[in-house]
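**Q** Following the hints, put chain B in place on chain A, whose structure we already have.
If you read the protein sequences in the order shown, they are chains A and B.
Going by the working numbering, the first residue of the first sequence is number 5, and it counts up by one from there.
Going by the working numbering, the first residue of the second sequence is number 584, and it counts up by one from there.
Because the hints were derived from the structure by calculation, they are not lab data.
None of these values were measured; they are calculated from a predicted model.
Hints may contain errors.
[Stated by the list, open to error] Quick look at which bits of chain A chain B covers, simulated, 3 or more residues with Cβ under 8 Å:
1. 31 to 45
2. 117 to 130
3. 191 to 198
4. 403 to 415
[Unchecked claim] With the Cβ distance kept under 8 Å, some of the chain A side facing chain B (calculated, not the full set):
5. 67
6. 203
7. 206
8. 308
9. 428
Backbone N, C-alpha and C fix where the C-beta goes; we use that ideal spot for every residue, glycine too.
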Amino acid sequence: MTRADVDPVELAVFQSAVHSIAEEMGAALRRTALSPNIKERRDYSCAVFDSRGRVIAMGDHMPVHLGSMPMSVLAAIEAIEFAPGDIAVLNDPYAGGTHLPDITMVLPVYQVKRDRAAFYVCNRAHHADVGGAHAGSMGPAREIFQEGIRIPPVRIVRAGEIDRDVLSLILLNVRTPREREGDIDSQIGACRVGEQRVHELVEKYGFMRAEALIEELLDYSQRLVRAQLREMPEGEFVAEDWLDDDGVSDEPRRIAVRLRFDPGAGELHADFAGSSAQVEGSVNAVRAITLSACFYVLRCLLPRDAPATAGILRPFTLTTVPGSIVDARPPAPVAGGNVETSQRIVDVLLRALAQAVPERVPAASAGTMSNLTIGGTDPRTGEAFTYYETTAGGMGARPGLDGISGVHTHMTNSLNTPIEALEYAYPFRMIRYAYRDGSGGAGKFRGGDGLIRELELLADAQVTLLADRRRFRPYGLEGGEDGAPGQAVVTQGETGSEKKLPGKTSLRLAKGDRLRIETPGGGGWGKRAR
Amino acid sequence: MRVAIDTGGTFTDCVYLADGRLQAVKVFSTPSDPSRAVMNGLARIGVDVSLELRHGTTVGTNTMLERTGARVAFVTTAGFEDTIAIGRQARASLYDWFAPAPVCLVPRELRFGVPERVSAEGEILRSPTGEELTALVEQVRASGAESVAISLLFSFTNPETECRVEAALGSLGIPVSVSDRILPEFREFERASTTVVNAYLAPRMESYLLQLEKRAKEQQSRARVDVMQSSGGIIAARLGAQEPVRTVLSGPAGGVIGACRVARWAGFERIIGFDMGGTSTDVFLADIAAGGAQLTRESVVGGVPIGLSMLDIHTAGAGGGSIACFDAGGMLRVGPESAGAEPGPICFGSGARATVTDADFLLGRLDAESFLGGGVQLHPERTEQLMCECKGPLATAEEFAAGIVRVVETQMEKAIRVISVERGHDPRAFTLVAFGGCGPLHACSLARSLRIPTVLIPALPGALSAVGILLADTVRDYSRTVMLPGDAIENLQAIFAELEQSAGEEFAAEGLDGTAHRSLDLRYRRQGYELNVEYDAQSPHRSLEAFHALHRRRYGFAQESRPVEIVNLRLRMIAAGESYAAEKRTLVPGNGRTALVTTRKIYFHGKFQESRIYRREALVPGDAIEGPALITEYTSATLLPPGCRARVDGFDNLVIAVGGEVKE
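Chain B on its own, in the form it takes in the complex:
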């Protein structure tokens, strides 16, 4: 049985297929040992003989956003210790005299130089002596580092010295990340930065994933654990533990895959994804007809560049559990600090600082009875009392709560503008797909301020990342840098065959049946960037023609006579995921009366208004509901402000027409 589990800062979602339908279970995250929550979830599901656990985690993202990673020692060629801090010398915003200094994860006292040098051609010009390596090990030991990143100049042309340094530092018994393995490509800053992120995440992710695998195997000796990568493909947990930088957007990547699948079934091709969880919010834009969300190799996570191929996801450091406070200047701020699962929001009973969830609760937007299937006891009096204590100069707790919601929604709006308006896309041409535990609560208000006409709340919105993880393909990328002239293109068969053989063996060892996709990174000689084109094994020269054509289309010119360089051979091995397609049910026009539970006052536009409360589980395809209303469900709740109208489609999604702007 295949189970997808997505660990968030606050909740852990479990999704699996039973009787041809997606099922979800939600449990509290256990941040001190996240694998405990996974086991709790599995216990709730009741696992049968063959467990195949697929995991997505926001542990990496949150570690970057909250800056709670390891104390990393950075080891590089002597004389270049500061390169990790200097970066590329350019400033991030051109016209801002008051921009803050860029982030560097390695403080000065943790940067170490090795007396060594490799040339651009890969020749070792200077090797560190045994004594020099011993001295380095002692320095790093004395620094109290919890993890090490090694990135020496030109190591991608000859990794020998990096390997020696790695071997020497191995005696420290802390995780060691080596640049030649993480990102064997030129440009020392980007390679080092990516390696440092790996080291920053390593202790936490490694112990976590290995612990998880161990526990799963305790339950079931043949259990297998996989993990979602930031690129949207699944890899074995063991690999994820070695290279946690590949999973830095693991949970969010599941959300992208899930949202694209669900939106496509429902007939929406252009979507803006809005995944608001407990600690952070991820937004992305996808044109599903054009292959879904784009991949980028120029990601910046928590202010730090990462040079690996990742889905283009923009993260804002605020979610339902984000703490609200007044800053030194008296301005109301929300996040990036989060109450997480422990102590959690005030309304859960032990937290003492106001969060977005508390604000929503106070405004009547959470349902005390059905919240998380009644699994969590909410404390209205405690919330009211503590919110009053936190309200600062504001007159009432309600005003404070409404202020928190307004601030956090403004942050969300800004994040969506970054991926849409700032890239020249008009949000009005897109559908907002809202999910995560908190997304559906804030979606309509957000859509209104961005003038997005339609909101889609998928079935199981609180567990959509887990749905994506369950349905994702297993993907592993292999590459070899060759730097050959273009006319060598007819002679690449052997190298590809070699790559394919080792990839096939790896997949076979894991009981997977993979399909190989071959491609080439080509460029005109002396250019700095490549274009990726498919490799046609039958007539390889076609790849050259494809390159010239693509170059012309994308860059405005091409020259068939100019020498081409073959930079990398790439092999992507894909084992297809669960072949599940949701079943479309017949629409029966209705008004959702059987799902109506009660009415209650909910705060909209400065006053409490009588609103109907529905149970989503009892709604059927064809039902239509007018706001003001709240549609609660096991994993989330959808707020329908006055003027919005929700309709249940044939896949149990809620399709909401926002405001009076769109006629159906």
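For reference, chain A alone in the conformation it holds in the complex:
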């Protein structure tokens, strides 16, 4: 099946070389960024695209970013007439973005004396604040206008020079401008590192050869996916699951999918009809996120070392209803769609997939990123601070293996903020960091346990929680029990009284108050032996 003139070893080396460009961009970003969320937690992603905006390599970063970055590149290409030395910036979920804190940069790579970009390199990083009603920009908003500054695709670098007008407009609208400026510099730098490496690659292979290899790489991805899809049982598999609420009302919100496998053609169709209409609160996902979740699941069906490229989506079609919770329209708020709804979409896809190939699918993992944002003034410096962190839960049990405890699953893969970085950067003191024993669902194979993280505030602050799986627990499979639901508790510093927080809320807490987050366990797999 391989093209006659492409040698499989050459293809493997080329694929790894492009992949390492994405990884190197990530390393540059992490090593130069200022905010703990980027430098310690690696809440960023980098990818390389061909001249037509097709992704040819993704770093092993954050799946929710990766699957949706092609839309950023396409939006930038459509909106901007690029010239050499330009870099575009954007975050608008309705024009290539996913939620506002994720700021994306796109750099077109030009060959000498050509007026059309030959490649694009792109990176996306989660900024700990982009303005809006709540510090950290992840609060319970009702319109996107409350969630922070919206940046359509515009040039932040023109002909190699930073556009100060654009930059100052952005910085004036955020709570921690100096940190943002530093992180933006890092993103620009990472783009240039990627550009340099792409130039070296083209120099080594020659442009024509590189183009041939790209085509082959995309075809190869497609062949791998089709080979998997040909082995699937024919038919339709239907599943649903729920979000607890949208943070505004208590009403549960439904995510539903119908998967149709066509093994003869080696194709898959996913239809999300029956999912809730878009909601007032922030758990709306734009279509890019839904596609991103589908991309992730397809990629997981492939062998471990398979490249993640645009070829993976060729045998796949997606249907969503515009104006639904999986295909939101402006001005719906979307901060939680990226982090919470994306996980539920994966849960639903896996539940449907488990009916088709039960021996290949794990039970539900924690299903929430347990997002915590805190903002205020650091009494040590008198400067504003904004903190953002997600906390891992339990992984669902696998057929044949227990789930792993305290690990990020599916659409996220950030690291924790080391306590020694956290207390240096923010007025908090960590009290406890431990496994949450017994939270994993029982079964023949146990779900992984969630985590407990408790911190004390050393300054008054605005605290925002955005979490789910309080009511609807991570499901077990094949008779395995559900994982324990998550919870968050505030202990008042003065009185010692405890108060349980709703999953999605924003409140003022005082110096001395303690916040304890307990994340859900994963579901069990198979009936527990008696």
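**A** Here is chain B on its own, set in the frame of chain A:
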């Protein structure tokens, strides 16, 4: 007399200089007391008045790979006992739903909390009381721990409480590893993990190195013992015993230094090193013109992160002594379990489980007469019989043996792909430098599957790690974390002078003449990572300029106006190693006829083929040999499959053109 001794799982190699040439002696390792083998080796050499023993060991690596380290108690700030297991929350492979749980060397019942707290600024907020410390000591005692690792939150800002806990636990009489001494840097998980590895290795390495020093001194009261570090420099054994985590890749690091030296003499600048020993295989990639193999501070050994600066070496858990068996699903597996030196492979006479070496022997690839200079009796009938018993569902013992070789070579190929292809390097642009007792046997076949055109088998391939250890510099790193603003750069002289004085005294006390190299770790304020730049004592501000330039080159931007932070002052003290350069001999074209011993059948591609057997010692520069052939020597054997052609270069290395792909 300086002698380098590299202890492997199976053999112990000794190398020294005599009459301007490198000499090697190989003896069996004695795992129950590895120092016995060292003494056996020294006895064979016959040591003169001044013994300077330089040691490299795979004891640390093997302990990590085989999970045979101490039962470690982990002591940390109460409330954070699980941090050593939780790690950083990220999963290692993004798209694998069936990835195994990560490794943690400390089971739950061995994690202990101390009620204490230090703030980010180094202020002690809570100290453990005397009773609390007594209770801790009792808990640890009752746990049956053989070693302790202490890593308290923020101990690098104020180590006082760690010292108190250490003092209290000292009464247990087991080794205590303290994070502030092992890796005094922020990020609690990486610091704790490194400290735990130290504790995991400590009992074994400490008694071993001290025993070795004692024995050496018994032989010669003024003997001095040094040990190779994972970073490629030599330190005193006493220091190595206290901080065994620094020597976890001791033997392999010797291999890197040795391979780079030999390859450079032979004119090869870009190499992939392939060191296949008895228990494990190490691979690395080096561009010698660009300074050789890279150092990394993000190593993972046996699945456990280590935050110290080490040579970037990738280890696979299979070697010549690796045991082959069929797993529960009926698949043939090789390693990580090894037959080691005791009982050893079947063919050595006492082992009963099939190993890679047995497979090679059965396929005619080991020479019964010359193997290890005839020092080891090989048992063909026993091997054939037991291999037949182990062959599982396969038809013949030969098929089983060929299967073992194929499985183990696939593992080696994968390891090399990790360091080359996966990092964007095309293996075809490199030369494969194969060494270790088993490397030369498998090198050509491996090179062929990776399409590497040239293989270099150094002179003394079975002892190249020892050669590297012999030639390595003595290196010790000193540092001080200062966290100063960039404009303090003009005022660092005093601190450097202080560092240099104590370093100089330490070297002088050991009779070494060291040269100091000063550098600075700089970053823009509030970044999380530093760049290391040279410190220019004459005009220190040049270091700032160098920082901005390096930042721009490496990360795509720099801002001269942004505040810079001076994080660490670093001083590297180097005492140069043996100044030895191999002598190049004249090539005399020949066909190696005088070295031809016999012909014998060797198994290639599914059948036995008549092959010539040569003695490497009798080959001379300029000789050229066509495969199929086997070139045996004292420390190893090189297999030349059909289609490969070996030539002896002016340094007695074998340079092999693999297949018909490369014209000479």
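**Q** Hints first: check each against the structure and report whether it holds.
**A** Tested hints:
Under the rule that three or more residues need a Cβ within less than 8 Å of chain B, the assignment of the segment 31 to 45 of chain A holds, with 9 such residues. Here's how the segment 117 to 130 of chain A fares: 0 of its residues keep a CB closer than 8 Å to some CB of chain B, so the rule of at least three is not met and the hint is violated. Counting residues of the segment 191 to 198 of chain A whose CB falls under 8 Å from any CB of chain B gives 6; the rule of at least 3 is met. Coverage of a stretch by a chain is defined here by at least three residues with a beta carbon nearer than 8 Å to that chain's beta carbons; for the segment 403 to 415 of chain A and chain B the count is 9, and the condition holds.
The beta carbon of residue 67(A) is positioned within 8 Å of a beta carbon in chain B (closest approach about 7 Å), and the interface hint is therefore held. Because the smallest distance between the Cβ of residue 203(A) and any Cβ of chain B comes to about 12 Å, over 8 Å, the interface hint for this residue is violated. Among the interface hints, the one on residue 206(A) is violated; its C-beta lies about 14 Å from the nearest C-beta in chain B, farther than the 8 Å criterion. Interface hint at residue 308(A): satisfied, since its Cβ lies 5 Å from the closest Cβ of chain B, which is below the 8 Å cut-off.
Because the beta carbon of residue 428(A) sits about 4 Å from the nearest beta carbon in chain B, less than 8 Å, this interface hint is met.
In the structure shown, a violation is registered for the earlier hints numbered 2, 6 and 7, in ascending order.
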